[in-house]
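Once you've looked at the hints, dock chain B against the given chain A.
Chain by chain, the residues run as shown.
2 protein chains.
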Amino acid sequence: MTATPLYVFFRDAIVPQEKALVHVSDLAIQRGYGIFDFFKIENGHPFFLPDYLDRFYASAEVMRLKVPYDRAALTDIIYALIEKNNLPSSGIKMLLTGGYSPDGYQVVAPNLILTQQALTLPPPSQIEKGVKIITHQYVRDIPGVKTINYSMGIWLTEKIAQQNATDVLYQSAGLVSELPRSNFFIVKNDNSVWTAAGNVLRGVTRKNILGLSSHTIREGEVSLQDAYEAKEAFLTSTTKRIVPIVQIDDQVIGDGKPGAVSLGLLKELVRLEEEDVRKTAFAKK
Amino acid sequence: MTATPLYVFFRDAIVPQEKALVHVSDLAIQRGYGIFDFFKIENGHPFFLPDYLDRFYASAEVMRLKVPYDRAALTDIIYALIEKNNLPSSGIKMLLTGGYSPDGYQVVAPNLILTQQALTLPPPSQIEKGVKIITHQYVRDIPGVKTINYSMGIWLTEKIAQQNATDVLYQSAGLVSELPRSNFFIVKNDNSVWTAAGNVLRGVTRKNILGLSSHTIREGEVSLQDAYEAKEAFLTSTTKRIVPIVQIDDQVIGDGKPGAVSLGLLKELVRLEEEDVRKTAFAKK
Chain A
903 MTATPLYVFF RDAIVPQEKA LVHVSDLAIQ RGYGIFDFFK IENGHPFFLP DYLDRFYASA
963 EVMRLKVPYD RAALTDIIYA LIEKNNLPSS GIKMLLTGGY SPDGYQVVAP NLILTQQALT
1023 LPPPSQIEKG VKIITHQYVR DIPGVKTINY SMGIWLTEKI AQQNATDVLY QSAGLVSELP
1083 RSNFFIVKND NSVWTAAGNV LRGVTRKNIL GLSSHTIREG EVSLQDAYEA KEAFLTSTTK
1143 RIVPIVQIDD QVIGDGKPGA VSLGLLKELV RLEEEDVRKT AFAKK
Chain B
903 MTATPLYVFF RDAIVPQEKA LVHVSDLAIQ RGYGIFDFFK IENGHPFFLP DYLDRFYASA
963 EVMRLKVPYD RAALTDIIYA LIEKNNLPSS GIKMLLTGGY SPDGYQVVAP NLILTQQALT
1023 LPPPSQIEKG VKIITHQYVR DIPGVKTINY SMGIWLTEKI AQQNATDVLY QSAGLVSELP
1083 RSNFFIVKND NSVWTAAGNV LRGVTRKNIL GLSSHTIREG EVSLQDAYEA KEAFLTSTTK
1143 RIVPIVQIDD QVIGDGKPGA VSLGLLKELV RLEEEDVRKT AFAKK
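Chains A and B supply the protein sequences, listed in that same order.
Mapping the first sequence onto this note's numbering, position 204 (from 1) lands on 1106, and the numbers just tick up by one.
Mapping the second sequence onto this note's numbering, position 30 (from 1) lands on 932, and the numbers just tick up by one.
One chain only, chain A, in its complex shape (with noise of 0.2 Å):
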């Protein structure tokens, strides 16, 4: 809940924020059962719209939850809200719950509610400076669908601090996947760029990163100490872009500063972006 009133898409209209009500036997209070997906937008403009419609598709046919709007429907409900809350520079979520579960375990009829607020940007030491990130050894449940299961995101974010650490990567078996809202690629000596292939959610950012070619971006097993002895290292998220990391747990990475491939990468992705406002503004004629 923010100081600006807000609009929310809430089930089949769009209401003022706070009465974005959900019943107590929805299935994502119930048993945390549900999917998102989240898509940032700059006057008017969401960005990479079709990548995350696929992924919030998707997400709800793993987890056979029947969106109840087809594609042209929703991004109608989508462009309907971003006229309503007029903010410049926001994010869009859009989530679907199990529904009113009479039982409180069986799948119903799900909930669509779409929130949007004012974007919340890296401060910009994060991009100068790099951050440190810890390890910790677990797997999400479905790795491939975007599910709202965050209970040990939220539970590390102490060890996090305590720590002094701005975030955790996941691991498993020696091989690292992603931090809990970002994917993570490392810089090898060679120049070549990698992110873990297994257990990871496949985000839109990443996704706009291996279609680069100004290196020689893959994906595939990136294993622990892969990540420790890299040249450079990054995250990459919707809201964040690209942040560079300069210590994983005690190892300072490269030489303890944001690398020149990383803020490369940066550069490009913020080109593809403003392409993609192009791109949309000429369909749109």
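A couple of the hints might just be wrong.
Intra- or inter-copy, both count: the list cannot distinguish identical chains.
Calculated pairs, DSBU-like style, for lysine-lysine (alpha carbon to alpha carbon, straight line, at most 30 Å) [what the hints assert, rightly or not]:
#, residue 1, residue 2
1, Lys968, Lys1061
2, Lys995, Lys1169
3, Lys968, Lys995
4, Lys1133, Lys1169
5, Lys986, Lys921
6, Lys921, Lys968
7, Lys995, Lys921
8, Lys1133, Lys1090
9, Lys1159, Lys1031
Source of the hints: derived by calculation from the structure; they are not laboratory data.
Chain B only, in chain A's frame:
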């Protein structure tokens, strides 16, 4: 939502259940972050309430959720709700969520919600004939805590139905642990009774069985092979007490019928419940 109009304790008051509306900013909805507990009631008596309260406060502490009422105040709320609803055979679910989080990630003041519903007992045929279960490789995120995260359990309901089973037993690295909502026991050929010690929620029914002296009853490592080769197997839960298991995956257990040890322990559990009613009635005098 049942046919009978029921009351719910919602945050700070007993309200009609249709008013138990949680704002979408709650961390249970945003991030599946919350804990709960569940106990049964007959004729106004909540069974083994101190054990359930112990576990509820312990779960809350691990997840760093502050229960907004102390034990005495929460006990008063429970008895007030029981009196208001006047449901002879029922269960109360105590739910504690991560609260209305401004950033959708940070735990804030938790919301406490108590709902009561009529008890759904297992059909008599399950006790008479026993049930088939399947196995699945999985360990819950924070197994000692009764979190609301049942993504895996609910997701597996399709696989359970496809294999004409009634439930699923989690296993990992050759050791079995628990079912999504039940503990698991086996009876070996020497009539000793075993339940898994690791990666399990410590059920109150499980604790009650471990306290019985009619048999040698122990917690320890139980392998999947032990389970397949058991003379008898059964699951335990608050609502189900004991349900005999007569098949695990393709393996018939014992002679494929509910065994004498399982059914004997069920009778002992019923006696323990009767004793709990008497003890509480005596303490009140």
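Hint check results:
Proximity of Lys968 and Lys1061 under a CA criterion of 30 Å is satisfied inter-copy only: 18 Å between copies versus 37 Å inside one chain copy. Proximity of Lys995 to Lys1169 under the C-alpha cut-off of 30 Å is restricted to the intra-copy arrangement: shortest distance 25 Å within a copy versus 51 Å between copies. When the C-alpha separation of Lys968 and Lys995 is checked against a cutoff of 30 Å, the pair qualifies both within a copy, at 17 Å, and between copies, at 27 Å. Taking the closest pair of Cα atoms, Lys1133 and Lys1169 come within 30 Å of each other only inside a single copy of the chain (19 Å); across copies the shortest separation is 66 Å, beyond that limit.
For the identical chains of this complex, Lys986 and Lys921 are neighbours both inside a copy (16 Å) and across copies (28 Å), given an alpha-carbon limit of 30 Å. Taking identical chains as interchangeable, the C-alpha atoms of Lys921 and Lys968 lie at most 30 Å apart whether they share a chain (23 Å) or sit on different chains (26 Å). Proximity of Lys995 to Lys921 under the C-alpha cut-off of 30 Å is found in both arrangements, the shortest distances being 17 Å within a copy and 25 Å between copies. Taking the shortest alpha-carbon separations for Lys1133 and Lys1090, only the intra-copy value of 5 Å comes in at or below 30 Å, while the best inter-copy value is 56 Å.
When the C-alpha separation of Lys1159 and Lys1031 is checked against a cutoff of 30 Å, the pair qualifies only within one copy, where the shortest distance is 6 Å, while the shortest distance between copies is 67 Å.
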